[in-house]
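Colleague: Residue numbers (our numbering), protein chains in the order written: chain Y, 50 to 358; chain A, 4 to 421.
Rather than coming from a laboratory, the hints here were simulated on the basis of the structure. Think of the CB as a built atom: it goes at the ideal place given N, C-alpha and C, for glycine as much as any other residue. Any given hint might turn out to be false.
To be verified - Pairwise CB distance ranges (calculated):
1. A/N125 x Y/G85: 28 to 38 Å
2. A/N125 x Y/K76: 51 to 61 Å
3. Y/G181 x A/D169: 29 to 39 Å
4. A/D169 x Y/M80: 48 to 58 Å
5. A/G399 x Y/S257: 50 to 60 Å
To be verified - Quick list of in silico lysine-lysine cross-link-like pairs, BS3-like style, CA-CA up to 25 Å:
6. Y/K207 x Y/K233
7. A/K355 x A/K290
8. Y/K79 x Y/K55
9. A/K150 x Y/K279
10. A/K231 x A/K290
11. Y/K279 x A/K231
12. Y/K249 x A/K290
13. Y/K117 x Y/K88
14. Y/K207 x Y/K61
As a plain string of letters, each chain reads:
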Amino acid sequence: MGLKSKDLLGMKQLSAEEIMEILDTAKTMKMVVENGPKKTSHLQGKSVVTLFYENSTRTRLSFELASKYMGSTSANISASGSSVAKGESLLDTARTIDMMGTDIIVMRHPQSGAPHSIANKINASIVNAGDGMNEHPTQALLDMLTMYERFDKFEGKKIAICGDIYHSRVVRSNAIGLAKLGAKVSVYGPRTMMPIGIEKMGVTVADSVEDCVRDADAVMGLRVQLERMKSSLFPSVAEYARFYAITPEVLKLAKPDAFLMHPGPCNHGVELPTAVYDCDQSVINKQVTNGVAVRMAVLYLLMARRNNL
Amino acid sequence: MKTIIRNCKVLGSDKTELYIEDGKFAEAFDAASADEVIDVKGGTVLPGLVDMHVHFREPGYEYKETIATGSAAAARGGFTSVCTMPNTFPVCDNAAVVEGILKRAADAGLVRVYPIGAAGKNLESNELAEIGLMKEAGIVAISNDGKPIATSGFMRKVLEYSSDFDIPVLNHEEDLTISGGAMNEGEVSTSIGIRGCPTVAEDIMIARDIILSEYLDIPVHICHVSTKGGMRMIREAKARGVKVTCETCPHYFTLTDVTCENYDTNFKMHPPLREEEDRLAVIEAIKDGTVDCIVTDHAPHHQDDKDVEFSHALNGIVGLESSFALCYTYLVKPGIITMERLVELMCHNPSKILKLGRGGMNTGDDADLAVFDLDNEFTFDKNKMLTKGRNTPFDGWKLYGKTVLTIMGGKKTYEELC
Ligand SMILES: [Zn+2]
Ligand SMILES: [Zn+2]
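Put together the whole structure using the sequences plus the hints.
Modeller: In structure tokens, the structure reads:
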């Protein structure tokens, strides 16, 4: 039991068996979150530090609660208001945290590969909570848990992901993870936000949002940052909403029992009309609980590996 | 409404009569039932010409040209379809302006007007214009013509974004960091003391766009090519399978920069008139298939904008009413190309590139046609032009190929059959 690696850097580093073990464990953890008492001993005597170089509300809180529900000691560091603001290097900061006896560092960083660059230089386990445009494995795992609760297996399922594919670490992690489990991922977004060579990652690039969503078992909208207009990636909110949004008509093209996900935060009226965000097929709010459950599973399984060594 | 065109020569057919019913080409019918029988006295009928590059100045610069006067000039030139560039005021960078242009064009009713939308908001190379919404309103292409797309980064975004809507990108090729002159850079500009704009300013941008088009596998159309180097690169790119198309204008194969010696601003345009070797290279490229389209870049200006010092004068010349005659006189009559090839250049190819569906002359096709007198020489007279602009370098030229009749959708839009 437990993960093979010291760290969870990305879905690239997980095997299909490990992913399934995380999802199965997360199902159990979800019962703890939902039914209580929200105090277990899975991480008793362990310490977890969240080190965030980028703002985050839900991911950070979700990790913090996950570790506390399992009885660990936890602390938070933000890039602003710490020695990082005084110019300390990432490695020095990580080593300092490591030397204080930390077992797990949950880290978010705006640069792709930042967690990878320190992982083999410290003893603590690193959990990647998002690195630049590379990966956000626990988001993908919570999306997959949401799917796993609704289908018993991933093989042959069509997952549609629409929006800013280029800048999305959520897409990369989902594409890699879902491919390992045998699902078919279809992506669509403005060509200006479609990275060259994405099809080599095993996803299909659709011709239109309709084409992407048609017959999908699950549909995921992605946040489009409005600042992207300034970098000439799309012209206006009106045009984005007209040609790229998941409208009620588009969602109807998916399978009748398909459901809608979004990693949040959502720009209402841009990538999703509010009517779609709130519709019966939307599981967006339910996903948040899964976020805590999946992070509990990840933290626990990383420590379980240590205990087995 | 039934019309018979009588006593005509039809390219590629031995017909001498054409029948039109309810705006479409029709099978032969009884002359007694015709509302009108037009005797074109041996004139040659071609499908209505398509000019994919004109400036009609409305909205905003109605003192130079209106959609109505531009349409009349187009009809007089034998054109039944034109594509209007977006450098109006306000710029045609949103659906509301597109709708306004289409409304004015329908009111004039003399030529099919296909608006071209701006690639960037306000023709700048910063933010994309609402290309999708403009396409729904009726644009057929996008271009920042008048201004080049300044950076490779923005050009890439334009190509990528436009490909989502399957809409062609037409680019005015000029590297402003080394152009900026008022005429071609060379011995003439040096001798008359005018700051020059080198051929390489155009070539560098053509090279850039070919490279981007090839990398992204997205088509690009190069506007008004005037240089030997540009033609060479386009020829090579096409041979390699790059999806590049291009156009040139009659003035680039009839005139050179020597004509600027008298500081006559009717010889000032962008790209500027080049040297003899470029002129010959343009002809060679027309001949060998490198050039896809001949356009006018019809750019009417008010006298006040032209009757000034050469360096201060605005760029551009009118062209709709001289284009066919210049092409016929200088390309077909001397045997450089065939009439069939000219019809490709002036009708079928632009229609294909922009997916306009024009140029058909079979039963059921829209009756768009033009009849030309190929046998009698005439003197091109700038005062007879229907455009508001008088800025033509061809006043007084002796030419063949006067338009005698233009019909658009079965409707007579120009007639000079006396
Ligand atoms: Zn131009
Ligand atoms: Zn132009």
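Colleague: The structure should be examined with respect to each hint, and the outcome stated for every one.
Modeller: Now the hints, each set against the structure:
no.	hint	verdict
1	A/N125 x Y/G85: 28 to 38 Å	59 Å, violated
2	A/N125 x Y/K76: 51 to 61 Å	55 Å, holds
3	Y/G181 x A/D169: 29 to 39 Å	33 Å, holds
4	A/D169 x Y/M80: 48 to 58 Å	51 Å, holds
5	A/G399 x Y/S257: 50 to 60 Å	55 Å, holds
6	Y/K207 x Y/K233	5 Å, holds
7	A/K355 x A/K290	19 Å, holds
8	Y/K79 x Y/K55	24 Å, holds
9	A/K150 x Y/K279	20 Å, holds
10	A/K231 x A/K290	14 Å, holds
11	Y/K279 x A/K231	37 Å, violated
12	Y/K249 x A/K290	43 Å, violated
13	Y/K117 x Y/K88	8 Å, holds
14	Y/K207 x Y/K61	20 Å, holds
This entry does not satisfy hints 1, 11 and 12, going by the numbered hints stated previously.
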